[in-house]
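Q: What follows is each chain in one-letter form.
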Amino acid sequence: MDALIPQLLNGSAQGALLLLAALGLSLTFGQMGVINMAHGEFLMIGAFNAYLVQQVITSSDLSIPVALPVAFVVAGLFGLLLEVTIIRWMYRRPLDTLLVTVGVSLILQQAALQIFPSQGVPVEKPSWLDGQLNVLGYEWPLRQLFTIVLAAVCVAALSAWLKYTAFGRRIRATVHNRDLAETSGISTRTIDRLTFFVGSGLAGVAGVAASLIGGTNSQMGAQYIIPAFLVVAAGGIGQLKGTIIAAWAVGVALSCFAYWTTGSFAQVLAFILVIVFLQVRPQGLFTVRTRSLA
Amino acid sequence: MTKLKPWPSLRGIAGLGGIAVFAVLLLAVAPVVLSDHWINNLGKYCCWAIAAVGIGLAWGRGGMLVMGQGVFFALGAYAMAMHLTLETAGDRVPGFMVLYDPLAPLPVFWEPFRSAGFTLLAIVLLPVIVAGILGYALFKRRVKGAYFAILTQALAVALATLISSTIRETGGDTGLSDFKFFFGFVLNDPANKVMVYSIAAALLIVCLLAVWQFYRSRFGELLVATRDAEERVRFLGYDPANVKLVAFVVSALMASIGGAMFVPIVGIITPAEIGAAASILMIAGVAFGGRASLFGPALGAMAVGWGQSSLGSTWPDGWTYILGLLFVVVILLLPNGLSSLPARFAAIRRRPAEQPTPAIVVAELEEVRS
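Those protein sequences? They're chains B and W, same order as listed. Per our numbering, the very first residue in the first sequence carries number 1; after that it's consecutive. Per our numbering, the very first residue in the second sequence carries number 1001; after that it's consecutive.
Since the hints were derived computationally from the structure, they do not count as laboratory data. Possibly wrong hints are sitting among the right ones.
As the list claims (entries may be wrong) - With a Cα cut of at most 20 angstroms, we get these calculated SDA-like pairs of lysine to any residue:
id, chain 1, residue 1, chain 2, residue 2
1, B, LYS241, B, ALA160
2, W, LYS1140, B, GLN283
3, B, LYS125, B, GLY168
4, B, LYS163, B, LEU142
5, B, LYS125, B, GLN55
6, B, LYS241, B, VAL153
7, W, LYS1180, W, SER1198
8, W, LYS1140, B, VAL149
9, W, LYS1140, B, LEU285
10, W, LYS1140, B, ILE275
11, B, LYS241, B, ILE148
12, W, LYS1140, B, LYS163
13, W, LYS1180, W, LEU1162
14, B, LYS163, B, TRP260
15, B, LYS241, B, THR188
16, W, LYS1180, W, GLU1111
17, B, LYS241, B, PRO126
18, B, LYS125, B, SER60
19, W, LYS1140, B, GLY168
20, B, LYS125, B, LEU273
21, B, LYS241, B, LYS125
22, W, LYS1140, B, SER59
23, W, LYS1140, B, GLN239
24, W, LYS1140, B, VAL276
25, W, LYS1140, W, VAL1124
26, B, LYS125, B, THR188
27, B, LYS163, B, LEU145
28, B, LYS241, B, VAL149
29, B, LYS125, B, TYR51
30, W, LYS1140, B, ASP179
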């Protein structure tokens, strides 16, 4: 039991980070069937934003709260740019979109490598995150709690937005039945762009959180994209609760496996777990029921 | 949908002629004209091309975006590399293992690779078994599209990390290298180098012949039909999962063969050659050349391979941008790659007003609708 609590807590924090990264992915995939492989690089953009904001506002106590909305907007704008320039031409070819965004992610990675030092940049942690919280005898770093709180706030905001605003209603209508939504007078193209902006923005927020936990460098996006997608696949598309449960489960599983074996072997095990899980539920945990085949 | 053609068609014979010309160029002309250095490079491109021919079959004809062919490339490559390492080491334990622990015993899974016969068998059977199980599990549960693509890519990442972390058993990030013998032949001998190159080139020709036969067979028609309208194929009484499984297993086998020949030609195999980036590089060549055509994947892979080994080392920053742009521009504007250019020009000359929609675009349109 003593060994389990740290794994559970660390895993929850890891899951929260995965959730932040997967939210945007799940949003765009659920609505448009588009997999954005550059999503990880939007996360990276968010992390570099945390660094850049720190260059302007030197007090790290203040800079992180400022960086969060800034990262959301900047990463969101990058996403919007991607949608407007490239992805809008590709909606009929979802699988090809995946490859095009692979190209975009290569370019963004290389650009980051040349703009910033190749070994990465340091993001200073605010002093109010320095402490530890004693949970049943385990000194839990506050940084991890912060990630969980941040993820919870983002999920709450997103679900409230989806549920109570007119935009949210239109997004849900588009997810359920695009043709019918279009017929009812919803501009699905505008909705697509908005979803892309919000989804990419959430990746930016995830990036700020990631910059507080791990290193900030040009390769960091590539680390998150595959686990984040596995979360989306296991959670099912179109509903937030599946993504939340899957992110937590994958996070805790990774953390426990890493404790029992090694970090790299944990990834292999988690991957096998997702494959086995997809055997049982090929559509993921929850999915929006439609009448389409397959 | 591709129209059924009278059999044997003129195009089929043209394909066979093309393979013959290709064979003469690779096997008769190249060894005479090119220097040893370039023969070696060409051999390396041939290995990537073999894997690319398989990707063309699975992705171009079958619609399965295989983003983790590095896994099967690795199976062949590491099987071969383990055998060559043991052959070089003789009765002793390979050098890199003794580096960490002088008394390290040979890991159990290395032992069978002493036998040349077992190694050759493993190169063929390992990818078939792994791809068979994986494909069966995924296709029977109708996992497809982006899910399939990302899962295969995740597998490549997982395998590369696994190899990186097991430095005592597999050499880790430094990989396996310093092979002296290739089934009894001294690898340093220029004549033997040409022989190894010729084997790789001949295997490429064999793979091209195999897919040429696949494409004109009833199986090829069924594969394209599955790509274009999977549900319709199911309703006609076929099981699309079996069709896809065969194509996936054959493509895995080709990747493994490519990997196996890569080792004696290049002389080193590391996780970097098989991970996500390497797998994506293989896809890049296929997309560039033309995924659904006979020669497109092989020629595209050779072109990208050339770019990777020349520009990639002299101008690495620029090469990454070029590779990224290649993906964006080719897939956005030319989904069927360079091989579709002649047909497009012909179409423009014939009917300037009417642009034909590439079959693959129509196919994926239907996939979205279904």
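Q: For each hint, tell me whether it holds in the structure or not.
A: Hints versus structure:
For the given pair, LYS241(B) sits about 13 angstroms from ALA160(B) by alpha-carbon distance, which is consistent with the 20 angstroms threshold. Only pairs whose Cα atoms come within 20 angstroms are accepted, and LYS1140(W) paired with GLN283(B) is accepted, the gap being roughly 13 angstroms. Restraint check for LYS125(B) and GLY168(B): the C-alpha separation of about 34 angstroms exceeds 20 angstroms, so the hint is violated. Restraint check for LYS163(B) and LEU142(B): the C-alpha separation of about 31 angstroms exceeds 20 angstroms, so the hint is violated.
Distance restraint check for LYS125(B) and GLN55(B): the Cα-Cα separation of roughly 13 angstroms lies within the 20 angstroms cut-off, and the hinted pair is therefore satisfied. Between LYS241(B) and VAL153(B), the direct Cα distance comes to roughly 14 angstroms. Compliance with the 20 angstroms bound is thereby established for this hinted pair. Of the pairs offered as hints, the one joining LYS1180(W) and SER1198(W) holds, with about 19 angstroms between alpha carbons and a cut-off of 20 angstroms not exceeded. For the suggested pair LYS1140(W) and VAL149(B), the alpha carbons sit about 40 angstroms apart, so the restraint of at most 20 angstroms is broken.
For the hint pairing LYS1140(W) with LEU285(B), the CA-to-CA distance comes to about 18 angstroms; that is within 20 angstroms, so the pair holds. A distance of roughly 13 angstroms separates the Cα atoms of LYS1140(W) and ILE275(B); the hinted pair therefore holds under the 20 angstroms criterion. Restraint check for LYS241(B) and ILE148(B): satisfied, since their Cα atoms lie roughly 16 angstroms apart, inside the 20 angstroms limit. Pair hint LYS1140(W) plus LYS163(B) does not hold up; C-alpha atoms about 36 angstroms apart against a cutoff of 20 angstroms.
This hinted pair does not check out: LYS1180(W) and LEU1162(W) have alpha carbons roughly 26 angstroms apart, beyond 20 angstroms. Restraint check for LYS163(B) and TRP260(B): the C-alpha separation of about 41 angstroms exceeds 20 angstroms, so the hint is violated. For the suggested pair LYS241(B) and THR188(B), the alpha carbons sit about 24 angstroms apart, so the restraint of at most 20 angstroms is broken. Distance check on the hinted pair: LYS1180(W) and GLU1111(W) sit about 19 angstroms apart at the alpha-carbon level, within 20 angstroms; holds.
At most 20 angstroms may separate the alpha-carbon atoms for a hinted pair to count; LYS241(B) and PRO126(B) exceed this at roughly 31 angstroms. Taking the CA atoms of LYS125(B) and SER60(B), the gap is about 6 angstroms. The hint holds against a cut of 20 angstroms. Note on LYS1140(W) and GLY168(B): the hinted pairing is violated, with a Cα-Cα distance of about 36 angstroms set against a maximum of 20 angstroms. Restraint check for LYS125(B) and LEU273(B): the C-alpha separation of about 34 angstroms exceeds 20 angstroms, so the hint is violated.
For a cut-off of 20 angstroms, the pair hint linking LYS241(B) to LYS125(B) is broken: about 31 angstroms separates their Cα positions. About 56 angstroms separates the Cα atoms of LYS1140(W) and SER59(B), which puts this hinted pair outside 20 angstroms; it is violated. Between LYS1140(W) and GLN239(B), the direct Cα distance comes to roughly 25 angstroms. Violation of the 20 angstroms bound is thereby established for this hinted pair. Restraint check for LYS1140(W) and VAL276(B): the C-alpha separation of about 13 angstroms stays at or below 20 angstroms, so the hint holds.
Restraint check for LYS1140(W) and VAL1124(W): not satisfied, since their Cα atoms lie roughly 24 angstroms apart, outside the 20 angstroms limit. As the CA atoms of LYS125(B) and THR188(B) are separated by approximately 41 angstroms, the hinted pair breaks the 20 angstroms bound. Taking the CA atoms of LYS163(B) and LEU145(B), the gap is near 27 angstroms; set against the 20 angstroms cutoff, the hint is violated. With a CA separation close to 17 angstroms, the supplied pair LYS241(B) and VAL149(B) stays within the 20 angstroms bound.
Between LYS125(B) and TYR51(B), the direct Cα distance comes to roughly 11 angstroms. Compliance with the 20 angstroms bound is thereby established for this hinted pair. Among the hinted pairs, LYS1140(W) with ASP179(B) is inconsistent with the structure: their alpha-carbon atoms are about 30 angstroms apart, more than 20 angstroms.
Of the numbered hints stated above, those contradicted by the structure are hints 3, 4, 8, 12, 13, 14, 15, 17, 19, 20, 21, 22, 23, 25, 26, 27 and 30, listed in ascending order.
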